[in-house]
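K.L.:
Build the full structure now, drawing on both the sequences and the hints.
Protein sequences appear in the order of chains A and B.
Take any residue in the first sequence, count from 1 to its spot, add 95: that is its number in this note's numbering.
Take any residue in the second sequence, count from 1 to its spot, add 119: that is its number in this note's numbering.
It is worth saying that the hints were derived from the structure and are not from the lab.
Just so you know, these numbers come straight off a predicted model, no measurement behind them.
Idealized CB from N, CA, C, for every residue including glycine.
Hints should not be assumed to be uniformly reliable.
Okay, the calculated beta carbon distance ranges per label pair [said to hold, decoys possible]:
#1 A:Ser-395 / B:Asn-138: 42 to 50 Å
#2 B:Gly-131 / A:Pro-98: 26 to 34 Å
#3 B:Gly-131 / A:Pro-263: 20 to 28 Å
Residues per chain, in single letters:
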Amino acid sequence: MIPKLDILRDRGTMLSRSRQFFVDRSVLEVDCPILSASASVDAHIDLIPATPIDGKRFLHSSPEYSMKRLLSSGIGDIFQLSHVFRNGESGSKHNPEFTMAEWYRVGFTFPEIIEETIDYCRLFLGDLPSESITYRQAFLKYAGIDYLGISEIELLKFLERKEITVYPEIAKEGKEALLNLVLGLIIEPHLGKHSLCALTHYPASQAALAKALRIHDEDVAERFEIYHQGVELANGYHELCDATEQRFRLIEANKMRLQMGKEELPIDENFLTALENGLPECCGVAVGFDRLMMLRHKTSQIADVIPFVWSNA
Amino acid sequence: MAQISTTDLRAGMKVEVENQPYTVVSNEFVKPGKGQSFNRVRIKHLMNGRVIERTFKSGEKLDEADVEETLMRMLYREADGIIFMDDKSFEQHKIPMENLGDAVNWLKDDLVFDVVFYKGNPVTVEPPTFIELKITETAPGDRGNTASGRVLKPAVVETGAKIQVPIFIEEGETVKVDTRTGEYVSRVN
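P.N.:
In structure tokens:
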């Protein structure tokens, strides 16, 4: 591997080339606040609080809500390239502070945003072929199970056959947690071995901020992730514009947090008001810049591609 | 008992899982998409060396195993055990023969062993990887069966272990032995 300073020089170049990628497509750079009074509410994303003199704030886990406020006021296509924060996410592929490229395209279709995300990844990884598989197909192909029909007991038996020992409390966390284990341990390693692979149409229960729809017997979300060599690179949506549905999902996420013994997070009323005023039909995506740098430099350690890793920052 | 979060678990740490002591081999933080995060931990049993994999919820706390690793010098042998001395504290411990495992083949005065105590009891005794030992018994080289193409012959070293040495090695010579495999490495001049 090349010396760290050379990787950091290349990192600087790729930050510039990222900006150029968006400028070439007439996507405007914005720099929404990193600290805000309310926050993104996700069941499984924990925020790092900050304590300024006038009350509690949170470091953002994504600039999504702020960017959607701008979209609703009619700003048009925008991107933000900034550091985001996730409490406790430390590992070879995770750093609690990391760099994310997030952008929104007004009027884009779901396939169009997937294609553009893959093009952005190619900026780092070269002209790799792309492929696409739905969440349901991926479970059938790589695990041999239909996630929709399978019961929790059957999932537990399946994991046992794969010699994956689960933690005892997982039974309480339900089917989602079991599917999550199967995804992380059995399916992800197969995704994008020699390609950029879009995993699409997540179960509606994992929609987050994506539009949900029914296809035949399945309630799905227009949500996708991009993988290369089993590494998750991006998470994108055909964005949910319905304020009522959005409020319901935020409240549900908070309920789940409480069940798991986590703190409830303040609901961002400014964000919901923006949706009420009308979010234009749009698609958006967030891409892990550091992960792309890891794959570009063929390293399995995020510490190799960022100036100073969490434990040394 | 002290506890450690899966978040802080590093290779080499000693933990207790299902009432057994393990050494952490690796710890991987996994978080697919927007799902729950978990840690995939590979651990090696302290005594039998079996490596197993366990999945823990991120942030879950594990018991630290009451394990202490000490360098101990062999002083002398008694009928039912070996007397070792802690090289730092000069404390002496008698380790019963049955706790010595394969180290029983490599017991030599003044040799420094890596001893692991679990709940105060010695559970593993590791000799240095390479040690030098004198050959106390072997047939003369010229009587080696070279006709069949064999270049090795049996020999007994000063600790009593039986090893295979090249036919040119004579009684009274010193050789270097790999204690992991019990194999001859080289002649020591």
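K.L.:
The structure should be examined with respect to each hint, and the outcome stated for every one.
P.N.:
Each hint tested on the structure:
1. A:Ser-395 / B:Asn-138: 42 to 50 Å: Hint violated: Cβ distance 33 Å, outside 42 to 50 Å.
2. B:Gly-131 / A:Pro-98: 26 to 34 Å: holds (28 Å)
3. B:Gly-131 / A:Pro-263: 20 to 28 Å: Holds, since Gly-131 of chain B and Pro-263 of chain A (Cβ atoms, about 26 Å apart) stay within the stated range.
In the structure shown, a violation is registered for the earlier hint numbered 1 alone.
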